[in-house]
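A.B. asks: Below, each chain spelled out in residue letters.
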Amino acid sequence: MKPKTIHIESRTERLIAVREFISAAAREFGFSDEEVSKIALAVDEACTNIIKHAYQFDPGKKISITVKPAERAFEVVIHDNGKNFNPADVQAPDMKEYLSHYRKGGLGVYLMKTLMDKIEYNIRPGQTNEVRLVKYLPR
Amino acid sequence: MSEFKIAQRETNNVSVLELKGYLDAHTAPKLEEAFTQLLTSQRYRIVVNCKDLSYISSAGLGVFMAYIEDVRKNAGDIKLTNMSPKVYNVFDLLGFPLLYEIFKDEGEAVRKFFEKGR
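Protein chains in written order, with our numbering: chain A, 1 to 139; chain B, 1 to 118.
Keep in mind the hints are simulated off the structure, nothing from the lab.
In silico DSS-like cross-links for lysine-lysine, where the CA-CA straight-line distance does not exceed 30 Å:
1. K96(A) / K112(B)
2. K51(B) / K5(B)
3. K86(B) / K113(A)
4. K96(A) / K30(B)
5. K96(A) / K86(B)
6. K30(B) / K5(B)
7. K30(B) / K62(A)
8. K113(A) / K104(B)
9. K30(B) / K61(A)
10. K52(A) / K20(B)
11. K113(A) / K30(B)
12. K96(A) / K104(B)
13. K4(A) / K86(B)
14. K118(A) / K86(B)
15. K73(B) / K96(A)
16. K86(B) / K2(A)
17. K86(B) / K30(B)
18. K68(A) / K86(B)
19. K96(A) / K51(B)
20. K104(B) / K5(B)
21. K51(B) / K113(A)
22. K61(A) / K5(B)
23. K4(A) / K113(A)
24. K5(B) / K62(A)
25. K30(B) / K83(A)
Given the structure is predicted, the values throughout are model-derived calculations rather than measurements.
Chain B on its own, in the form it takes in the complex:
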């Protein structure tokens, strides 16, 4: 069943992951795999576009927690964009907006990497 998909592209030397569908304990390993590949190829500037993400559970949130430290140690960041109110509420319940930069628009997140050298 294709309940979760990830499309990856590069823009201005920033890796963009577009998430689509349902991110739960069943599909979270796909996102882990995508992050592992990015880190293996030393790509630490990451934007996750959640425009078509319909659902997230703690298994999905745990993936962001698992990689953020390594990414930031390498002067990169994981920035999140285009969340539906439903998905944002789950991030918000856990206080994730304190730890992650969340933008309405993908372009804004990409530009942020070029401010102050980040």
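This is chain A alone, in the form it adopts within the complex:
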């Protein structure tokens, strides 16, 4: 399977196209329907964060999403040129504390970490921000 890329405008109505792109690639790579859903959700969350926080809903901006399949690793690399952010600010919330205080927001980061095996942020101020999400095929 070769690497594939989709370019989208920074608009929430494009999330459905992102999920379809990722689902097709993950299915082709060999994941079960359940795993395919998890990967598509994690990538939706990552793109939603970029649209909301990095681009602050500016619809003229662009996001690129590349699928890079390796031997057993399904890697999704997402690039944007938005406001860079400190990964320390995107810590997953403590869900027990979260639910008991009816807090809002931050759920996407928690989901991404729970759904994927590895997440890395490569923040390059003034250049391109990169988020890498990895899921391994079960043995």
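Following the hints, position chain B against chain A.
C.D. replies: Here is chain B on its own, set in the frame of chain A:
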């Protein structure tokens, strides 16, 4: 594109929202609007039927979090029903079953409002 729809009806003085399609950051404002209207008209007994809900992301889950406190302060509740295993898994990953009552069947959720005065 009609990727998400909400149908609303009343049964035994309980408001039922039927969700259909994909609930993500794009469509979540529609659900917010539906909850805002219910609260404005002081309807605090709410059942959300997820039978035809194909997908939910954190933006959709965040909507439930945003309204539950106000609803419960007014002696009401948001009860969820008829979830597919795929949608339930997302709620479960976030521990939402601890905070929300989730039923297999809508009738069961409606009846629950009339037990112990809830």
